[in-house]
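Q: Residue strings, one per chain:
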Amino acid sequence: MSILVIAEHDKSVLLPATLNTVTAAAQVGGDIDLLVAGHDCGAVADAAAKIAGVNKVLVCDSSTHASDITENVAVLIQARSADYSHVMAPATTFGKALIPYAAALCDVQAISDVSEIVDADTFVRPIYAGNALATVRSSDSIKMLTVRTTAFELADADTGSASVETIDDAGANESIEFIGQMLSESERPELTSAKIVVSGGRGMQNGENFAMLEKLADQLGGAVGASRAAVDAGFVPNDYQVGQTGKVVAPDLYLAVGISGAIQHLAGMKDSKVIVAINNDEEAPIFQVSDYGWNEDLFTAVPALQEELG
Amino acid sequence: MKILVPVKRVIDANIRVRVKSDQTGVETANVKMAMNPFCEIAVEEALRMKEAGHAEEVIIVSAGPEKCQETIRTGLAMGADRGVFVNTEATLEPLAIAKMLQAVADKEGAELVILGKQSIDDDNNQTGQMLAALMQRPLGSYISKIEKNDGGFAITREIDAGLEKLQITCPAVVTTDLRLNEPRYASLPNIMKAKKKPIEILTPEELGVDISNRMEVVQVTEPPARDAGVMVSSAAELVEKLKNEAKVI
Ligand SMILES: Cc1cc2nc3c(=O)[nH]c(=O)nc-3n(C[C@H](O)[C@H](O)[C@H](O)COP(=O)(O)OP(=O)(O)OC[C@H]3O[C@@H](n4cnc5c(N)ncnc54)[C@H](O)[C@@H]3O)c2cc1C
Ligand SMILES: Nc1ncnc2c1ncn2[C@@H]1O[C@H](COP(=O)(O)O)[C@@H](O)[C@H]1O
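For the protein sequence lines, the chains are A and B, in the order given.
The first sequence begins at 1 in the working numbering and counts up one residue at a time.
The second sequence begins at 1 in the working numbering and counts up one residue at a time.
Take the hints with a grain of salt, since some may be wrong.
[As the list claims (entries may be wrong)] Result set (SDA-like, lysine to any residue): computed pairs, CA atoms no more than 25 Å apart in a straight line: (1) B:Lys247 with A:Gly221; (2) B:Lys243 with A:Ala250; (3) A:Lys273 with B:Lys145; (4) A:Lys215 with B:Ala246; (5) B:Lys243 with A:Ser12; (6) B:Lys241 with A:Asp252; (7) B:Lys148 with A:Glu174; (8) A:Lys195 with B:Lys32; (9) B:Lys165 with A:Gln219; (10) B:Lys145 with A:Glu177; (11) A:Lys273 with B:Glu240; (12) B:Lys165 with A:Asp10; (13) B:Lys247 with A:Asp252; (14) B:Lys20 with B:Glu222; (15) A:Lys215 with B:Lys148; (16) B:Lys241 with A:Pro303; (17) B:Lys145 with A:Glu296; (18) B:Lys165 with A:Glu153; (19) B:Lys243 with A:Gln219; (20) B:Lys32 with A:Pro285; (21) A:Lys273 with B:Gly229; (22) A:Lys195 with B:Lys20; (23) B:Lys165 with A:Gly221; (24) B:Lys165 with A:Glu296; (25) B:Lys145 with A:Phe178; (26) B:Lys241 with A:Ala229; (27) B:Lys145 with A:Asp10; (28) A:Lys273 with B:Asp150; (29) A:Lys215 with B:Ala225; (30) B:Lys32 with A:Leu133; (31) B:Lys165 with A:Gly180; (32) A:Lys215 with B:Met231; (33) B:Lys32 with A:Lys215; (34) B:Lys243 with A:Ser139; (35) B:Lys243 with A:Glu153; (36) A:Lys195 with B:Lys145; (37) A:Lys273 with B:Glu222; (38) A:Lys273 with B:Ala235; (39) B:Lys148 with A:Gln181.
These are computed hints drawn from the structure, not numbers from a lab.
Keep in mind that this is a model prediction, so the values were computed, not measured.
All chains, please: the whole structure from these sequences, using the hints.
A: Take a look at the structure:
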């Protein structure tokens with residue numbers, strides 16, 4: 001077995017999702033190579049070589065990869081695919097766009113959002129917003145998967161000593177031009193890897209009121225998330241959305257404030273270790289999955305919590 | 001410009017699905033079905049482009065069993081011009097669907113294909129990416145904005161870290177995110193009109209596509225349930241429990 005893991009990074013830092021994916025790869029068993037496609041990404045390649053369990057880091061440092069264009073990374077994967085039994089990437093927007101594209105180039109049926117490795121051919125994945133778990137067995141010669149990062153621990157990032165090999169890019173797609181990004185800047189921990197997440201829903205009423213949750217998150221050292229209703233209403237940016245079609249989180253503590261608990265929201269947070277819900281409707285479905293429920297107006301409860309945490 | 005919109009028939013998003021006791025799948029008998037919500041957004045966007053004078057024709061396509069024609073009719077009732085139905089009882093995987101869609105898009109000469117980003121039943125999030133790869137056309141995944149311009153399309157994508165803008169040439173394949181638009185409801189007169197709009201019926205064989213499966217579903221099970229815990233009634237009580245009982249702060 002030889003596995004190619006596609007690293008996700010922002011040119012200077014390797015994202016933790018890569019470490020979760022390496023752990024999933026280790027469970028398949030076999031040699032693990034890591035592909036780093038980027039530009040001026042030497043620091044990322046160095047970090048990648050230190051991940052425990054990685055055999056070799058393939059670095060494609062080229063202006064072609066100055067921004068993550070799905071097509072350009074996919075052709076790199078296709079060019080190397082004959083060497084591997086498995087190709088794996090995290091189930092982030094980067095990996096979810098990339099893996100199916102690369103799989104189609106290789107005439108392979110991709111497998112999305114794997115939450116358990118049963119054996120080298122057999123995988124478990126949630127379907128129907130996590131209401132069911134499907135065990136699927138692939139008969140393709142290469143297995144191409146995205147990995148649900150919250151289902152796998154972080155691999156050790158310090159003790160590895162992989163070799164580093166430089167590879168050429170496979171060309172840039174002329175049909176796509178990168179214009180720019182508008183990224184959410186935040187001093188807080190990243191939502192999908194934070195140990196504590198404080199999320200707000202429609203009950204927050206407006207964007208200004210989210211300042212209360214930000215303060216609470218800062219007191220707890222956590223990140224801020226939101227329901228789709230809060231994002232759609234424009235209270236917070238799209239990248240705050242937790243759920244079936246947003247981000248999947250599984251922190252030690254998830255605090256849901258003014259969120260009803262629709263199945264699509266639960267899909268993104270029900271694997272959290274401890275769930276707390278604050279809601280003024282005692283019938284709110286969120287209470288059925290909460291370890292601690294507090295049936296209270298959030299405009300009373302959140303300031304009281306802030307004071308208690310001092 | 002011709003726009004092709006692939007749509008999928010799925011269990012309605014408001015239904016709580018149940019896993020079958022024999023663990024072969026989820027219960028679909030007598031369950032309310034609907035057009036996949038992301039496909040509704042795709043149909044809406046195609047219609048808006050047509051209304052803005054950028055497209056002459058909007059074609060709805062769906063692959064699957066007989067009942068998928070109802071889903072095509074839903075798209076026609078929203079305002080699309082005609083339908084293509086690929087009739088098969090086989091279990092379809094995204095790669096096979098993408099191959100059939102490629103054949104239909106080629107046959108129709110579609111300059112834009114707008115798909116949903118994800119079907120809410122299988123949660124694959126694959127077909128649009130695969131179609132773009134097979135057709136060797138630029139991919140705009142997870143878009144929250146699309147504008148036709150001289151070079152092709154200016155798109156905005158929703159990514160984990162925020163938003164991204166790309167310029168892609170025409171012809172192209174894009175997939176819709178939730179915030180692209182709010183789909184319209186079909187009016188009664190339009191529902192009546194839709195009954196007369198043409199739907200061409202094809203088979204995978206006629207399209208020359210091999211739809212054999214690459215994956216076997218071994219079993220479908222219920223995830224472990226979470227139990228409701230306790231209710232608290234003050235901030236002091238909650239903080240005490242989080243510190244001493246749950247030990248998470
Ligand atoms: C295809 C599809 C995909 C979706 N994907 C997602 C997704 O990824 N993530 C997601 O979150 N949703 C998603 N949804 C939407 C989901 O179905 C719900 O509509 C959404 O989660 C509701 O958000 P909410 O709980 O904030 O709002 P509501 O359901 O309106 O709930 C608001 C809650 O706030 C409480 N409240 C109001 N005022 C106060 C107060 N003063 N104090 C305390 N409590 C208060 C109310 O009692 C209520 O329970 C999706 C839906 C579809 C169809
Ligand atoms: N059977 C189908 N027929 C037509 N289009 C489909 C079908 N299945 C999926 N699609 C399209 O592909 C999108 C993504 O689906 P999926 O890759 O299954 O998550 C859907 O929103 C549809 O636009």
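Q: Confirm or reject each hint.
A: Hints and how they fare:
no., hint, in the structure
1, B:Lys247 with A:Gly221, "15 Å, holds"
2, B:Lys243 with A:Ala250, "19 Å, holds"
3, A:Lys273 with B:Lys145, "36 Å, violated"
4, A:Lys215 with B:Ala246, "22 Å, holds"
5, B:Lys243 with A:Ser12, "36 Å, violated"
6, B:Lys241 with A:Asp252, "14 Å, holds"
7, B:Lys148 with A:Glu174, "18 Å, holds"
8, A:Lys195 with B:Lys32, "39 Å, violated"
9, B:Lys165 with A:Gln219, "35 Å, violated"
10, B:Lys145 with A:Glu177, "16 Å, holds"
11, A:Lys273 with B:Glu240, "17 Å, holds"
12, B:Lys165 with A:Asp10, "17 Å, holds"
13, B:Lys247 with A:Asp252, "9 Å, holds"
14, B:Lys20 with B:Glu222, "9 Å, holds"
15, A:Lys215 with B:Lys148, "42 Å, violated"
16, B:Lys241 with A:Pro303, "18 Å, holds"
17, B:Lys145 with A:Glu296, "38 Å, violated"
18, B:Lys165 with A:Glu153, "33 Å, violated"
19, B:Lys243 with A:Gln219, "14 Å, holds"
20, B:Lys32 with A:Pro285, "22 Å, holds"
21, A:Lys273 with B:Gly229, "12 Å, holds"
22, A:Lys195 with B:Lys20, "35 Å, violated"
23, B:Lys165 with A:Gly221, "32 Å, violated"
24, B:Lys165 with A:Glu296, "42 Å, violated"
25, B:Lys145 with A:Phe178, "15 Å, holds"
26, B:Lys241 with A:Ala229, "30 Å, violated"
27, B:Lys145 with A:Asp10, "24 Å, holds"
28, A:Lys273 with B:Asp150, "51 Å, violated"
29, A:Lys215 with B:Ala225, "32 Å, violated"
30, B:Lys32 with A:Leu133, "21 Å, holds"
31, B:Lys165 with A:Gly180, "5 Å, holds"
32, A:Lys215 with B:Met231, "24 Å, holds"
33, B:Lys32 with A:Lys215, "43 Å, violated"
34, B:Lys243 with A:Ser139, "49 Å, violated"
35, B:Lys243 with A:Glu153, "24 Å, holds"
36, A:Lys195 with B:Lys145, "33 Å, violated"
37, A:Lys273 with B:Glu222, "19 Å, holds"
38, A:Lys273 with B:Ala235, "20 Å, holds"
39, B:Lys148 with A:Gln181, "19 Å, holds"
Checked against the numbered hints above, the structure breaks hints 3, 5, 8, 9, 15, 17, 18, 22, 23, 24, 26, 28, 29, 33, 34 and 36 and satisfies the rest.
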